[in-house]
Amino acid sequence: MASLKAGSKFRSAVCDAQVMVIKAPAGEHTLLCGGVAMLTGTETAAAGAAADPAQLGGTLIGKRYVNADESLELLCTKGGQGGMVFDGAALEIKQAKQLPSSD
Amino acid sequence: MQLHGRRCTVDAPGVAGDYATQLLTDLGAAVTRHCSALATPAADAASASAFAALSGPADGPPVRVPLPLPALADGVLAALQALAPEAALADLDGDTLLSERAVLAGLRRNGAIAPGGHCRLLAAADGHIALSLARDDDWHLLPAWLEQDCVAPGDWAALAACVQAYPANRLIEQGRLLGLALAADQACPSMPVPWLRVHAQAPATARPLPARKTPLVVDLSSLWAGPLCSRLLQRLGARVIKLESLGRPDGARAGHAAFFDRLHAGKQSVALDFATTTGRAQLRALLAEADIIIEASRPRALRQLGIDAEAIIAGPRRPTWIALSGHGRSELQEHWIAYGDDAGVAAGLTSLLHRQCGQHLFVGDAIGDPMTGLHAALAAWASWRSGGGRLIALSLVEVLQHLIQQAAGAQAPIAARKRGCSSVDSGIGARELGTDTAAVLAEFGLR
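Just so you know, the sequences run in chain order A and B.
For the first sequence, this note's numbering gives the first residue as 1, with consecutive numbering after it.
For the second sequence, this note's numbering gives the first residue as 1, with consecutive numbering after it.
To be clear, the hints were calculated from the coordinates, so they are not data collected in a lab.
Among the clues, some could well be false.
Have a look at the derived ranges for each label pair, beta carbon to beta carbon [claimed, not checked]:
no., chain 1, residue 1, chain 2, residue 2, range
1, B, R197, A, P53, 40 to 46 angstroms
2, B, L433, A, A47, 51 to 57 angstroms
3, B, A123, A, T42, 30 to 36 angstroms
All values reported here derive from a predicted model rather than from experimental measurement.
From the three backbone atoms N, C-alpha and C, an ideal C-beta is built for every residue, glycine too.
Starting from the given sequences, assemble the full structure and let the hints guide the process.
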C-alpha cells in the first residue's frame with residue numbers, strides 16, 4: 001500500500017516503466033506494474049520479484065493513464081513491458097490532449 | 001551540405017544579403033552578390049517596423065532589440081528567392097512575417113508576458129524561467145509540477161508567488177518530465193549552433209521516380225512554424241496538402257481565424273482517422289506520394305503511429321522530411337516541447353535584451369515560430385532541388401541561437417524592407433477540415 005501524491009514518481013519493480021502522479025485520490029492504495037507493487041523513493045525490489053506474464057500489456061512513454069472514474073492520473077515518463085493496475089483495476093490510456101489554439 | 005556547387009545570385013542589401021549568402025553557402029551553393037536596391041535607412045525601417053513595437057513594457061515605449069531580426073528574416077527570403085528566381089516573393093518581407101499574427105489578432109507588447117498571453121517569465125528562487133500554459137488542461141499539471149496544490153487554474157499571480165520558492169533547475173527538470181513547455185532564461189551558448197541538422201540521408205536508389213516539376217508537400221504540422229513553411233513553399237510553386245488527424249486536428253482552427261486563413265489559404269485539407277488501421281494506412285500512402293513532408297511531432301508520437309521517417313525518405317519519391325521540434329531531436333531533447341515564446345527565452349533572446357536594458361522581457365510574438373518556418377522552407381526547397389531523400393531537423397531554439405550568433409558582432413543598421421501584407425492570398429480563406437479528403441484519396445487511388 002502506498003500514498004500517491006501529485007508529482008511523486010513510481011517505477012516498476014519488474015520492467016523499465018516509470019510514471020509520475022498527475023493526480024490521485026487521498027489515502028493508501030495499491031499500484032502494480034507487471035503484477036508487482038511499484039516502487040517509490042529509495043524502495044528496492046524484493047529479491048526474486050518477477051513479472052506476472054498475464055500483466056505485460058505494456059506502458060507507453062508520454063501516455064497518460066487513468067482509472068475508470070479518472071480520480072487517478074499517471075504520466076508515463078519511461079516506457080516498459082508491464083501494464084499497470086490500481087486498486088485491482090487495470091489502468092487505461094487517456095485520450096491525448098487536444099492541440100492548443102495558439103502558443 | 002546539399003546544393004553541390006549550384007550557382008545562385010543573392011539580390012539583397014546589407015544584413016539581409018549577408019545572411020542570405022551565409023545560409024546558401026552553408027547549403028553548399030556558390031553565391032554571387034548583386035544589389036538592385038539600396039539598404040533602407042535604419043531610422044525609417046525602425047519607425048515603420050511592426051515587429052519593433054512588440055518588445056517592451058506595455059506602459060512604456062518599445063525596447064530596441066539588439067539584433068536585426070526582421071532584416072535577418074529578409075535574408076532567408078532573399079536566399080529562397082535566389083534558389084527560386086522564377087517565384088514572385090517580392091510582396092513578402094521579414095518584418096511583416098514576424099509580426100503578422102500580432103497585427104492580425106491585435107496582440108501587443110506586454111513586458112514579461114508574451115503578446116499572445118500564454119507564456120510568462122516567472123522569477124524562481126535563483127533566476128527566471130519562461131512557462132507556456134497554452135491549454136486550460138495544462139494548468140492541471142501544476143500540482144504535479146510543484147508537488148503542492150497552491151494554484152487555481154488561470155491564477156498566474158498565485159503561480160508566480162508559488163514558483164519563487166523553487167530553484168529554476170528543479171522547475172525545469174520536473175516540468176520537462178511532465179511535458180510542460182518551459183525554459184530557463186539563459187544566455188545563448190558561444191559554441192556555434194547549426195540552423196539545421198541532416199539526421200539521415202537515404203542511399204541512392206537505382207530507379208527513383210521521375211521528379212515532378214513542382215513538389216507535392218504533405219504538411220502534418222500545426223500552429224505556426226510548419227504551416228508558414230508550407231505556405232512559403234506554396235509561394236515557390238509547390239502544391240500543399242494539409243493533412244490532419246480527425247480526432248486531433250490543428251488546434252489553430254479554433255484560434256484567430258484571419259491568421260489561420262493567412263497561413264492556409266489555397267492549401268488542400270485532408271483529414272484522416274489516425275485511430276483506425278485504414279486511416280493510418282492512408283496516411284502512410286500519402287506520405288509515400290510526397291516530395292516534401294513537414295511535421296512537428298515528437299518522434300515517439302509518429303513511431304507510435306507506425307511511421308518511420310528514415311524508411312519513408314528511402315522510398316521511390318525520395319522525399320525530404322522536415323522535422324520541426326522545440327529543442328532538437330537528440331535522445332534527451334526529443335521529449336522536451338517548446339512554443340515560439342519560451343523557445344525565444346531558451347535561445348537567449350530575453351537574456352540578450354536584459355543585458356541591454358536591465359528588464360526581463362519577451363522579444364517579439366512567438367518569435368521561434370516564424371523564424372523556424374522561414375528557415376525550414378529554405379532547407380526543404382534546397383533539399384528538394386538537390387534530389388531529396390533526407391531527414392532534416394530544425395529546432396526553434398537552435399534556429400534562434402544561430403541567428404543570435406550570426407549577428408553578435410555585426411551591429412549593422414537594421415535594414416529591413418517593408419512592403420506591407422501579402423495581397424496575393426487576401427480574400428481566400430483556409431478550407432474547412434477535410435474538404436479535399438475524398439478527392440485526394442481518389443487521386444492517389446486510396447479509397
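Hint check:
{"no.": "1", "hint": "R197/B - P53/A: 40 to 46 angstroms", "in the structure": "42 angstroms, holds"}
{"no.": "2", "hint": "L433/B - A47/A: 51 to 57 angstroms", "in the structure": "56 angstroms, holds"}
{"no.": "3", "hint": "A123/B - T42/A: 30 to 36 angstroms", "in the structure": "32 angstroms, holds"}
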